[in-house]
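Novice: Those protein sequence lines, which keep their order, are chains A and B. Okay, so the first sequence: first residue is 1 according to our numbering, each after it adds one. Okay, so the second sequence: first residue is 1001 according to our numbering, each after it adds one.
Some clues are possibly wrong.
[To be verified] Computed beta-carbon distance windows for the label pairs:
hint, chain 1, residue 1, chain 2, residue 2, range
1, A, Lys68, B, Tyr1028, 36 to 42 Å
2, B, Met1001, A, Asp189, 46 to 52 Å
3, A, Gly87, B, Lys1151, 51 to 57 Å
4, A, Glu303, B, Ile1132, 52 to 58 Å
[As the list claims (entries may be wrong)] With a cut-off of at most 27 Å between alpha-carbon atoms, the simulated DSS-like pairs for lysine-lysine come out as follows:
hint, chain 1, residue 1, chain 2, residue 2
5, A, Lys166, A, Lys243
6, A, Lys243, B, Lys1144
7, B, Lys1144, A, Lys93
8, B, Lys1144, B, Lys1193
Read the hints as simulated data drawn from the structure, not as lab findings. Using N, Cα and C, we set each Cβ at its ideal position, and we do this for glycine too.
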Amino acid sequence: MLIKTKKSWELSENEVTNEDLFNKRRQFMKMGGVAAMSSYLPALSWAAADHLANQIALAPTTRTLDEKLNSFEEITNYNNFYELGTGKGDPVKNADELNTDDWSIEVTGECDNPGTYALEDLINFNDLEERIYRMRCVEAWSMVIPWTGVSLSTILDKMNPNSDAKYVGFETIYDRSNPLSGQRSRVLDWPYREGLRLDEAMHPLTMMAVGIYGKPMPNQNGAPLRLVVPWKYGFKSIKSITKINFSKTQPQTSWNMAGPREYGFFSNVNPEVNHPRWSQGSERRIGELFRRDTLMFNGYGAEVASMYDGMDMSTNY
Amino acid sequence: MKIPSQWATSLRILLHLLCATPALVLIYNTFTGGLGFNPIETITHQTGIWALRILLVSLAITPLRILLNLVQLVTYRRLLGVWAFFYAFVHFSIYLTFDLQFSFPLVVDDIIQRPFMTAGFTALLLMIPLAITSTRGWQRRLKKNWGKLHKVVYVIGIAAVLHFVWLTKGNQPEPYIYVGLLILFYSVRLVNKFRSRTA
Chain A
1 MLIKTKKSWE LSENEVTNED LFNKRRQFMK MGGVAAMSSY LPALSWAAAD HLANQIALAP
61 TTRTLDEKLN SFEEITNYNN FYELGTGKGD PVKNADELNT DDWSIEVTGE CDNPGTYALE
121 DLINFNDLEE RIYRMRCVEA WSMVIPWTGV SLSTILDKMN PNSDAKYVGF ETIYDRSNPL
181 SGQRSRVLDW PYREGLRLDE AMHPLTMMAV GIYGKPMPNQ NGAPLRLVVP WKYGFKSIKS
241 ITKINFSKTQ PQTSWNMAGP REYGFFSNVN PEVNHPRWSQ GSERRIGELF RRDTLMFNGY
301 GAEVASMYDG MDMSTNY
Chain B
1001 MKIPSQWATS LRILLHLLCA TPALVLIYNT FTGGLGFNPI ETITHQTGIW ALRILLVSLA
1061 ITPLRILLNL VQLVTYRRLL GVWAFFYAFV HFSIYLTFDL QFSFPLVVDD IIQRPFMTAG
1121 FTALLLMIPL AITSTRGWQR RLKKNWGKLH KVVYVIGIAA VLHFVWLTKG NQPEPYIYVG
1181 LLILFYSVRL VNKFRSRTA
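If we strip away everything but chain B, and leave its shape as in the complex, we get:
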């Protein structure tokens, strides 16, 4: 399969618009009083969940490429990754500002003592080098190593999903849907790798 070249740019713009939508909705709600009675919590939850969802979409690209035989899909992966980082960064910044009030000891406490924070912080930290090297310039400069470096995204996926699983109260289904998706995406990749090796 092939995406017609006249669609490629439109698809890119569409993806940017889709990724920007949750942020635009949040900004709109901030100015119209639509964030509810705990606005900080709403912003923290929304940016967190969208960081995770967009990250999962970016991790779905390779399985989709394999299943649909659509090589071009790979060109959309970086933009998704950068958007996921954007939401994760805002998510953490809001927490740092309003919940921890920039207290360094509290940050350290959280990261050391609380597994869900360790997982979340690990995901964010690992996303930084990937976001920085997401440009074409860095792709060229790093050559083959670029691909190796960006394999870290598989660790980020696990850390981000664990962050969500570990912070949820009671038996709620949503985090486990993401666990399932992650397993599915990784399996498709592994099976494909195994096949191409034995073929």
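Here chain A stands alone, though its shape is the one from the complex:
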């Protein structure tokens, strides 16, 4: 008898994009077409944005998960994005403050190709793919989200990091003279900073996302581009990125600066290492009333655990 063993990420027939989502995409593409026809000669960045929207809608699903997806409403109305306010409903309310036109990303540090990049220079729109990942917040809630984007490694490869590049640091948009409303109070030391070890950044699971549910990234979720590191607590997945820096030494990261005992540099999801103030052993999936057990590395241990071999996870939390 032939027994077909399926790898955890392989598609099974019932896991392909559901009809509802598929129809939504169709509709969205039609809308995009109409919009394109009715508009005058758009500026280059608009053309790129249009093209991006189309490619996001067309991106094939390359990774699924046998868990119920959170709805688009849940994903886009319940957010932690302190730049737009500390309440979970603040980011969607204040989303308009974030202007993503003519977005550029400044690349610096230990690499051969530093400089200022436009979105379309960083991301090959034809390579976009949809991946369904779990997202586990350090506050012990979680979601399942269909992200659209590319592996971060494809972006970093373009910059050609040199042999001194051991870490990658990221920064979120911050204009001191015109801060976003949440940045007017010193909840955190702005700009928001995050970072990864280079091997973590190059890991195939690590993603730079530009869309959700086949739609361009909503502002409250970190438009136009954000990191997604599914085996780490959500705050590592920095939003609305404007700077990338390669460095020899470990970069400073915002939550670690705010509370070094509470938020480590690695911040891998780990049910055994509790946050000093609350248990990380369980989580509430948004949409559920009771808690479920939190998985080691958020369920991605088979793919990422080897990066931390021999490391004491209780001190390198």
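Starting from the known structure of chain A, arrange chain B on it as the hints suggest.
Specialist: Same frame as chain A, now just chain B:
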């Protein structure tokens, strides 16, 4: 100053209505889908914050009495205390039911290992005897000891505010506003006590 006697009952009813409002809003939102995408979190946060706010109002009574020379205000303190306990009790019950799922080891873990839980649980525990003895009958039975027992509320105030300060992420202002209010209320009391002693 004196509150006219014809107002006393109306004021009592008004206070009850005000204290009931957050609970009524929560019940209304529960049935109309207005609790947001994490309803348990919303209920936990709302009942917690209102327990703390009403507790602080009850702790403001004595300073107000001193500053305004309004002795009658004291008669409203008990009803505020009972409402604060009601919200604190619902707050803890929701946590126990939906977050800890009645797991005794998890409760013990939380209370022993996490300072903010120790503080919150201490506040709730200390509120129980005060809520039980909040009736006129118990006031009569305990005589002078009633006042002594209910001084525990000052410890409850500190524990409840610490609970909030210690659970907040980042540099958020709200918990520190409550710290400030608590210090203000306690100072007025202390200064008054010192004055009446030296006078």
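Novice: Starting from lysine 243/A, check that the Cα of lysine 1144/B is at most 27 Å away, please.
Specialist: 67 Å, violated
Novice: Within a Cα-Cα threshold of 27 Å, do lysine 1144/B and lysine 1193/B meet the stated pairing?
Specialist: 18 Å, holds
Novice: Just to be sure I understand the hint, the distance between the Cβ atoms of methionine 1001/B and aspartate 189/A should be within 46 to 52 Å; is that true here?
Specialist: 49 Å, holds
Novice: A range of 52 to 58 Å was offered for this pair. Does it hold for the Cβ distance of glutamate 303/A and isoleucine 1132/B?
Specialist: Holds, since glutamate 303/A and isoleucine 1132/B (Cβ atoms, about 56 Å apart) stay within the stated range.
Novice: Is the hinted pair lysine 166/A and lysine 243/A satisfied, with a Cα-Cα distance of at most 27 Å?
Specialist: 17 Å, holds
Novice: Holds or violated: are the alpha carbons of lysine 1144/B and lysine 93/A at most 27 Å from each other?
Specialist: With a Cα-Cα distance of about 54 Å, the restraint between lysine 1144/B and lysine 93/A is violated, given a limit of 27 Å.
Novice: Could you see if the CB distance from lysine 68/A to tyrosine 1028/B stays within 36 to 42 Å?
Specialist: 28 Å, violated
Novice: Just to be sure I understand the hint, the distance between the Cβ atoms of glycine 87/A and lysine 1151/B should be within 51 to 57 Å; is that true here?
Specialist: At 36 Å between Cβs, range violated.
The structure is inconsistent with the numbered hints 1, 3, 6, 7, although it conforms to all the rest.
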